[in-house]
Every structure is written in structure tokens, then in C-alpha cells.
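Number of protein chains: 2
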Amino acid sequence: MSSELMIEKLLVHDLRFPTSLSHDGSDAMHTDPDYSCAYVELHTNQDVKGCSLAFTLGQGTEVVVSGIKALEGLVVGRKTRDIFEDFANFWKSMTSHSQLRWIGPEKGVIHLATAAIVNALWDLWAKLEGKPLWRLLVEIPPEVLISTIDFTYISDVLSKDEALAMLKVGDNDQKEVRVQELLKSGYPAYTTQAGWLGYSAEKRKDLCLKFLKKGFKGFKIKVGQDLEDDKARCQQVRDVIGYDNDLMVDANQKWDVPEAIAWMKELAVFKPLWIEEPTSPDDIIGHSKIAQELKAYGIGVATGEMCANRVMFKQFLQSGGMDFCQIDACRIGGVNELLSIYLMANKFRVKVCPHAGGIGLCEMVQHLQMWDYVSVSRTMDGRSIEYVDQQHEHFKHPVVMQNACYLPPQVSHLSILFRYWSMRGTQKKITTPVKNQKMNIF
Amino acid sequence: MSSELMIEKLLVHDLRFPTSLSHDGSDAMHTDPDYSCAYVELHTNQDVKGCSLAFTLGQGTEVVVSGIKALEGLVVGRKTRDIFEDFANFWKSMTSHSQLRWIGPEKGVIHLATAAIVNALWDLWAKLEGKPLWRLLVEIPPEVLISTIDFTYISDVLSKDEALAMLKVGDNDQKEVRVQELLKSGYPAYTTQAGWLGYSAEKRKDLCLKFLKKGFKGFKIKVGQDLEDDKARCQQVRDVIGYDNDLMVDANQKWDVPEAIAWMKELAVFKPLWIEEPTSPDDIIGHSKIAQELKAYGIGVATGEMCANRVMFKQFLQSGGMDFCQIDACRIGGVNELLSIYLMANKFRVKVCPHAGGIGLCEMVQHLQMWDYVSVSRTMDGRSIEYVDQQHEHFKHPVVMQNACYLPPQVSHLSILFRYWSMRGTQKKITTPVKNQKMNIF
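Just so you know, the sequences run in chain order A and B.
For what it's worth, the working numbering labels the leading residue of the first sequence as 1, then goes sequentially.
For what it's worth, the working numbering labels the leading residue of the second sequence as 1, then goes sequentially.
Chain A on its own, in the form it takes in the complex (with noise of 0.2 Å):
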């Protein structure tokens, strides 16, 4: 009987790829990543599972399992009813755990946990109702949508009843057209693939013209290490993507904040349409100040890939720091949290770009914004989702691309399930020639 559905087991798993082999996602503070996760699988009394992952960089994925470890005994045992009919406070005992708060709270290490955690509740979610989780979200009731999201601390800039008027406005605003358009066209990317760091000039070029064979329109590089080199990686960039396609930079939270006007000033010349994570993830009066100053030369301001929870986002929102919102799928307390972020920033009037690549990121936030897009902000204008051609060869049902858009998932879940898991309870080991970096499969 579903009513007695029951998550019975949590497995947590330390997964890492040796991408620092190949430099793949080299920018100025991640000089050498190891694309890693902790992958969570919620088994219940049935033949039906939830996963999910906690994206990391290598080292350090241990802590967040020992993390997710941590609050496996809050999902353990419970009926799937009783969290799903009641997922805000569920949401809630999870991430204002009377010890384990202190512990975040709802940042770093322990809410990249509660993520992989919540995700894999989604996922379930989505299967037990035979849905890809863009449908589920877009077809759930807004009352029952709204009843997910905790808006603890967040009340003072968006009240649940702002929320659920908003989203009735999606619900009853010709929502089936928007679906019909998502599933005839897809959702726009842009790529960071030409932009590591540690590329040589012809492979940055070679991936340019590939790109844009494939129709891509946004092209985005890392910058912060070397002003010289970045106005010649910029120069041969536009030399090969022209004017009329998007230009994006990113300092992964390179520089002080005078130094980031200064850089961002120099780098005018070549029009980027935003300077990505320009100083600290922390520094909401920064970004704000940053934004200010660079308003004049046509740069946005977009952070948010390790912008810690909807408090944060919240304040970037209010403060203007944020003119592009960069949600991640697995950094905050997983979906419930993400759709309060998607409801404030279209309060704001602030376009979601969301932050994709690493290990199952595109896979995950593909959703999120599709239902963005038919149930939110209802529009497709100006925004797009990051896009690294990487790590998709790990998943039974990887992105689909057409013509640089993400077509929406047809089959029913959250589109993270590892290819390797065939047998359950086996325990497998594969040790890549990078020394202390395994891809361990148990």
C-alpha cells in the first residue's frame, strides 16, 4: 500500500573523478578540482528509491558524508505521507535540528548535506507520481507547492501569501502553451566549456567554434588570475564569437572589492554582459557596491553558485548585488529552499541564470528552471542555464541538448541515477591513475 510507503535505508557514497587530469573546471581559486559528490539513495520498503547528490571538488567529500551521516536519522523510518504532506516543517526539523544547527546553521557542509538529502525526497517524489520533477512541480496545486517551502526569515521581504498569489498567476496564465513551447524547443544555454582556466589558447578556440556550430549564443571564461592574460583571452574570445553573441566573465571570488572595479573596469572594453562572483560569496554590501560602479558600463553583477542559503539570497536581492541570480541545485537545503530563492528573485524582478556543470548540476537544475520558466517568471528572456559538455557519460539519463537548448527530461525523476548501480549491495572500486583520488563505486 503507498500510504505505507516508508524510506527504510540511507547509503551515502564517495564518488570522484580525476578531472584535474585535464584541468576541466580550472578557474583562479579552484586551481586543480577533482569533480566529486556524495550520492545519496533513499531506499524505501518498496521496489522505488530517491538519489541524489552533493556536488563537491574532491577532498572534503568525506565530511559531507559525514554530514549527510548526520541527519540520516531524521529521514530514516519516516513515511514518505507524512514528509511529503507536511514537507515545510519536515524541511524545517531538518535544518533547525536543536544540536545539529550549530553546527551551520543551514551553510556549508552540513546544508550541501541536507540538499542531497531533500533531492532525493524529490526524486522519489517525482517517481512515485510518474513525473519528471519539472512536471511535478508545474502540475502540483500552487496550495500544495507553497505548503513545501519554509519561509522562516524570510517573511519580512516575500509572506506565503505573496507566494501563492504569484503562483496562481503562473498556474492560470496559459501555463500547457509554455509546456508545449519547453517541449518543442527547450530551455537556452549558455557554456563555460571554452573558459577553463587551464586551457591553451587553440583549445579555447577550437571549443569556441564548436560551440557556436552547435548554436550556442553565450560563451563565458574564467578571469582574476592575470590582467594581461585575461584582456588577450577575452580579445580571442570576441575575435572568434563577434559582438552580437554573450560575453560572460567569472572571477570565482578572486578579488577585494576596489580591485574588482578596477579589473571589471579594464575588461570594459570587450562588453561582458555580467562579472560572475567578482569577490566573496559572503560580501552582500560588496557585490551591491560592485554592481553600483559597474552599472555604467552595461557589466551586471551574477553570484550565487556558493551563496549559502535564502537569507543570503534574500539580502542580495533586497541590496541589488545580485543582477543575475546563479542558484545552485545542491548547495542550499535542495528544492523547497530553491523554490522560496525563484519566488523572491521574481519579486525583484532578478533573472535566474543557474549555476550547472560539475557532476549531475545541469542534470538537476534543468528542472527547477523549466518550472521556473512555465509557473514563475513565465518567461524565457534573458535568462539561460550554464552548460558543460563534462560528466554527463556518468548518468543513465543525461541532459539532452538541441541547439544549444536543454529539452526537458522526459522520464520520471530528478535525472540523478548513476549508469554504474546495477546490482544493488555490491561494492565495487575503480582507482584512477590520480593518486589519492579514487572513483569509488561501494
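Warning: the hint list may mix true and false statements.
One copy or any two copies: either way a pair holds, since identical chains are not told apart in the list.
Straight-line distance between alpha carbons at most 25 Å, and here's what the computed DMTMM-like set of lysine to aspartate or glutamate pairs gives [claimed, not checked]: (1) K160 to D171; (2) K9 to E293; (3) K160 to D226; (4) K168 to D32; (5) K254 to D161; (6) K69 to D14; (7) K347 to E259; (8) K347 to E202; (9) K79 to E143; (10) K231 to E162; (11) K9 to E62; (12) K254 to E162; (13) K254 to D32; (14) K213 to E62; (15) K295 to E266.
Simulated from the structure, these hints should not be mistaken for lab results.
Starting from the known structure of chain A, fit chain B onto it as the hints suggest.
Here is chain B on its own, set in the frame of chain A:
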């Protein structure tokens, strides 16, 4: 030879104390804390070791232990001379590690872990110099002390030169007079002892009387669970301590912004000096709003014990959201980062009144506050250190109180040495009556 001293081994212990049995430490958000810590020992190749801890509330300590182990490779094998002679860069190597920073950066578990290790290094340095930490800080030349601080992300508000000038003023202005004053009279404390939410009215009254008799002039109680109950308890405490002593109230992040303002207006009649942690510790703009609204009532806003890092403190100070700055000795990245916060607070003329209690927090933070008095703010006016008369019995050198003041520690370290460690390498385990909560020593 001391020049060849190096860190040979890092040991970390998960210690838990069953404080929830007697409701010690209970507040509106943390109803049943079991005071705990991750205790770090840095063993060297000589007969000296550095010790410190990260305070926790029970569950989750194991996650912090995992975080500490993740950082182990950055400190073990290092010569102490190399660390101390370039301490700011060493600190940055821990907080900006290319892979590990993803699970922070500089917040939550990984920053608690950083604090434990960094403070153990300061403990070691104090031992090598044969001085208690406060005296080491006071006697290090300003140029050397400044070299321990990483100014990344705060240079827009406090430059290295400005900070150095500040330290030189303190160094040249009758420093020895203040040292003597400190040695004679100590540093004022206020108490939270009577204020835990789980205590009976009788116990609360007895404790107020006990601490009045001891000379205390500041009393803090927890609020936020029930308004009528809060009024009754404020009234009771005022009846006992009168209006010549200070009453502070602490909501431990219970409220949203509008609720905080409304609730505190109801309690204004009891003339609290401050409302502590009225809302999310991440809500800079919210705190600023609350501070503005309560100014007319003479109520200040205090926060900081869960403030994630110097970037967050910077903004709280910039925005007027923090009338009292409540640093915690081991939440942010240890002494190095704390120094920068004291200097920023001094610049903004905000009083630092440290958070203490827990396990070892009184023992540690007194050193910093005493340094501030001698070398930075040069006044104790309106400042005091939180004090709780509990959990000191675990330490070989507990705090020494006299007339409601902390007396300067005389022994040469950070005061964090558990009395249980008599034999290196032995393993003991003490199981307490609390289910699943063990007092582990190993």
C-alpha cells in the same frame, strides 16, 4: 633545536557531556544541547603540544571531527617556524584550499575545524614563548601581529596599514598601566547562568541572588518561546536585580524580522540593554532594520556567536546591524581572524562583548578580550565577557573569577588543556546515562 620544531601528528577527540539532563544551555532554538567539542592536539617532535577545541552541541561533533581530519594534511609535517613567520598565508592556505573551500568557504563545519587547528597553533606558540596567550598578543610587536592577519575580503573597510597604525597607538599609549590594571582587577563579566529557558522560577531567583552576591552587574535571560512567559521572567529578574544592574535578553535566532521588532517593543518596559540574536545570524539587513526600530527604546542589537566569518562581521559593522559584537573564540577561523574583527569593531566604535560558556569558551575568549583592552580599544567601558559557572571542572587551568571579573590567566597557553589527559596514547571511555551520548576520551 627550536628552529626545527615541527608538527608531527594531529589527534582529534570527540567529547560529549550530558548537559541536557539538567537543561543547562537550553534556549528557544536549542532545547536540549549536550555540550560537546572536537578537541585537537597538535603533537610536535619535541615535548610540547598545542591544544584547542571547537565547541558543539552534541550531534554533529563527529562531522566537525571529520572536517578537522580533512585539514590535517595542511598542518602535519610543517615546521612551526614556517607557520608563525608567515601565519597570514598559512591561514589562507587552510581557508582557501582549492578543493576544500567548496564545502565552505569559511563557514560552518570547515571553519569550526579551521578554528580548532589554528587556535591549537596559537596555544603552541604561547607555550613556546612561555606566556599566556593574552600576554603573547600584547607583547608581540605590532608589525609581527599584523603579519598574522589575512586581509582578504576586508581591505575595503580596513587596510593593513590602518590596522597597523591602530595597533601602534595601543602599543605606545601606556600599555603597561593597563596590563597592571588587568592583573589587579581583571576583566568584567556578565552572567547567563540564571537565564536558561528550562530553569524553574525558584532556581532562576536563587541564581540571580547568588550572582548578585558575587558582584555581577549584568544578567542575561533567554526569550522568544512565549511572550507572556518572557514578560513574567523579565519582571522576576528585574524584581531581584533592580534597575541599576543590566538585563540583557537573548532570542537565539527565534524570530523573523517583523516579529523581532514587535516582540521587543513588548519587552521594552523591562529596559533590556540588548536583544541578542533576534533573527537569522546571516541577516545583516534584517539586524540593521531591527536596530533602527529599537534605537528609540534604548535597546541595542547584539549578535556574533554564529556569525560565519570576518566578511559577515564586516557587513554587520558597516550596516549598523550590530551594536554589540559577540565574537566566539572558535566559530570563525581562530585567533588570526578574530584579531581582524576586533580591529574592525574598534574602527566602527562597536563594543565587543564576547560569547562564552559552552565548553572552554570562557577559557579561550578571555585572552582575546584582555588583549583588546591593553592593545586596541584601551577601555573596558560598557564591555563585558559572558560568564557561565559550568563546565570549568574539565580543565586543568579553568578561568579564575574575582568580584565578577575574569582574572588574567598566568599559565603559558590558551587555557585549553583537559585534565583527563594524563597519559599520552591511552584510551578511556566513559558512558554517561544519556542515551547515545557518551563522554568519550580517547
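Do the hints match the structure? See the list:
1. K160 to D171: within (16 Å within a copy, 55 Å between copies)
2. K9 to E293: Neither: 52 Å inside a chain and 49 Å across chains, both beyond 25 Å.
3. K160 to D226: between (46 Å within a copy, 23 Å between copies)
4. K168 to D32: Answer is neither: 46 Å inside a copy and 41 Å across each miss the 25 Å cutoff.
5. K254 to D161: Between copies only: 21 Å across chains, 40 Å inside a chain, cut-off 25 Å.
6. K69 to D14: both (12 Å within a copy, 16 Å between copies)
7. K347 to E259: Cα proximity of K347 and E259: across copies only (22 Å, versus 31 Å in one copy).
8. K347 to E202: neither (43 Å within a copy, 50 Å between copies)
9. K79 to E143: within (21 Å within a copy, 61 Å between copies)
10. K231 to E162: Close neither inside one copy (45 Å) nor across copies (33 Å); limit 25 Å.
11. K9 to E62: So K9 and E62 pass the 25 Å test inside a copy (19 Å) and across (20 Å) alike.
12. K254 to E162: Result: close only across copies, 22 Å inter versus 37 Å intra.
13. K254 to D32: Within one copy only: 15 Å inside a chain, 41 Å across chains, cut-off 25 Å.
14. K213 to E62: Neither, since 40 Å and 51 Å both go past 25 Å.
15. K295 to E266: Intra 14 Å, inter 43 Å, cutoff 25 Å: intra-copy only.
Going through the hint list in order, the structure does not satisfy hints 2, 4, 8, 10, 14.
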